[in-house]
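Chemist: Chain by chain, the residues:
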Amino acid sequence: MGKYISFFRMRFLNGFQYRTAAAAGIVTQFVWGTMEILLFHAFYKASPEAFPMELSALSSYVWMQQAFLALFMTWFWEKELFDAIQTGNVAYEMCRPADIYTMWFVRGMANRAAKAVLRCMPILLLAFILPKPYGLVLPSDSKVFAWFLLSMLLGFLVVVAFGMVIYSITFYTVNPMGIRMVSQSLAEFLAGAVIPLPFLPNKIRSIVELLPFASMQNAPFRIYSQDISGAAVYQTVLLQIFWLIVLVAIGKTIMDKALGGLTVQGG
Amino acid sequence: MRLYVKYLGIHVKSIMQYKTSFLLTTIGQFLVSFNVFLGMMFMFQRFSNVEGFTYSECLMCFAIVLLAFSLAECFFRGFDGFAGMIGNGEFDRILVRPKGLIFQVISSKIELSRIGRMLQAIVMFVYAVPRSGINWNFEKIATVFLMIFGGTIVFAALFILYAALCFFTLEGLEFMNVFTDGAREYGKYPVNIYGKNVLKVCTYIVPFALFQYYPFLYLTGKSEAHYLALLPLAGCFFLLPCYLLWRLGVRHYKSTGS
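Line by line, the protein sequences are chains A and B. For the first sequence, counting from 1, position 72 maps to 1120 in the numbering used here; every step adds exactly one. For the second sequence, counting from 1, position 25 maps to 27 in the numbering used here; every step adds exactly one.
Everything labelled a hint here was simulated from the structure, so no lab data went into it. One should not assume that every hint holds.
Far from chain B by the CB rule (all over 12 Å, computed), these chain A residues [unchecked claim]: (1) Val1075; (2) Glu1084; (3) Ser1188; (4) Ile1293; (5) Lys1300.
Lysine-lysine pairs mimicking BS3-like chemistry, simulated, CA-CA at most 25 Å apart [said to hold, decoys possible]: (6) A:Lys1180 with A:Lys1191; (7) A:Lys1300 with A:Lys1051; (8) B:Lys256 with B:Lys101; (9) A:Lys1127 with B:Lys256; (10) A:Lys1093 with B:Lys202; (11) B:Lys198 with B:Lys224; (12) B:Lys256 with B:Lys111; (13) B:Lys101 with B:Lys111; (14) B:Lys202 with A:Lys1180; (15) B:Lys101 with B:Lys15; (16) A:Lys1180 with B:Lys198; (17) A:Lys1093 with B:Lys8; (18) A:Lys1127 with A:Lys1305; (19) B:Lys21 with A:Lys1127; (20) B:Lys111 with A:Lys1093.
Quick caveat: nothing in here was measured; it's all calculated off a predicted structure. Virtual Cβ for every residue (Gly too), placed ideally from N, Cα, C.
Let the hints inform the model, and build the full structure from the sequences given.
Modeler: If you want it as structure tokens, here you go:
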């Protein structure tokens, strides 16, 4: 366990170095968040009765999305890992006295966490200052906040676990581009990164909400904005745990199989 | 021009060496903007209009912006890797060659994989044209062409601006994405729905509205003023300050020495 923690620390500090990039990123994300909220606001004005969430809940959702983008973006890949798989450098990793799956999992967590920690605070602060339906509002209840934190942790792990499944599949394909492209755009839409899931037509929505992608950003952000409340919270969190276990199991099985069949040529 | 065609030929040939990779990036490009389209479709299933613009009108607006962006990206994305060009001394090599600087940077990279995005724009356009309820006549068709042309120029100017800023600093230029990728993303709806302030910025500072919102009013028949159709040409003047900054940057340039 200790070695994974220190590996996490190493990666985390490594990601911490890019502070100017983070500052530029914060500006970018703040503008994006503003535009997104103005856009939904225009739709709200057109017909408030068709709007499936509270307007302030939507604003909170968008700000959370921007602040924690790094934790939940499904289009973020580590090129080094793909390269390691493609060039066969993965053999070196195998020499290390650590489990590759766990190590890569920790690595993914650290990279995302470092990015998010650098970026989230200023965005959250600015969003809190904004006037009502546009800004971020604290949940009325500290219990909600606790559930949100738990759900966010789970969602974050689900994202990393999903990434691991894709990395493992890469062992079997020569060109990782295809599977990467398809999986990331699918995941992005189904996770609610393009439009929040409540905006989907009801029939589609009831199916999409059961998929693993809905256990990513959709769950914690909607718990936070109290769009999901009451018994639905427990259900959502349980579903997140379920998908986390399934995705880890799938990823680990595929990877073990691939590594078991791996022959390292000399040279 | 003949030289450019030759460069184009070389790029096509080099891409065709990796056909699968080309195909996959093209599909990827398509999928990314397809997501945006899906989002729009579902929003309009719930809401019939936004600020008086209907689904097919917004689709047409999105198609025009996307087309302009992908055209600009296809031919001017050489500026995107410009930071790298300065970093590895490639720009020094360009300086000593007897051809225009901008010309050489442009022809150093031609992104044909953007065809995926263009394809999507064309499909949406074809879908939206008969459904938009626009009375097509010569003026309206010309307006569409002007909008696409103006848009391409504005985006190209932004790419040049980005490269010009690279002369002064290499850090924190990520915020330029707000204007390029952001404009593509949010240009799917006519700019005025984001409110008056955004419209002002997009009129007077970075002239997105000049090729998007104003001529679009004329196109959809919301306004009869003919001069609106000519505004994209006014937007082209944005190229001027960007070009001047580029010139200033070139003069300011000191080689990295490697």
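Chemist: Does each hint fit the structure? Answer for all of them.
Modeler: Structure-based check of all given hints:
no. : hint                     : verdict
1   : Val1075                  : violated (5 Å)
2   : Glu1084                  : violated (8 Å)
3   : Ser1188                  : holds (27 Å)
4   : Ile1293                  : holds (28 Å)
5   : Lys1300                  : holds (27 Å)
6   : A:Lys1180 with A:Lys1191 : holds (22 Å)
7   : A:Lys1300 with A:Lys1051 : holds (19 Å)
8   : B:Lys256 with B:Lys101   : holds (20 Å)
9   : A:Lys1127 with B:Lys256  : violated (32 Å)
10  : A:Lys1093 with B:Lys202  : holds (20 Å)
11  : B:Lys198 with B:Lys224   : holds (18 Å)
12  : B:Lys256 with B:Lys111   : holds (23 Å)
13  : B:Lys101 with B:Lys111   : holds (16 Å)
14  : B:Lys202 with A:Lys1180  : holds (23 Å)
15  : B:Lys101 with B:Lys15    : holds (23 Å)
16  : A:Lys1180 with B:Lys198  : holds (19 Å)
17  : A:Lys1093 with B:Lys8    : violated (53 Å)
18  : A:Lys1127 with A:Lys1305 : holds (22 Å)
19  : B:Lys21 with A:Lys1127   : holds (21 Å)
20  : B:Lys111 with A:Lys1093  : violated (44 Å)
Taken one by one, the earlier hints fail for this structure at numbers 1, 2, 9, 17, 20, listed in ascending order.
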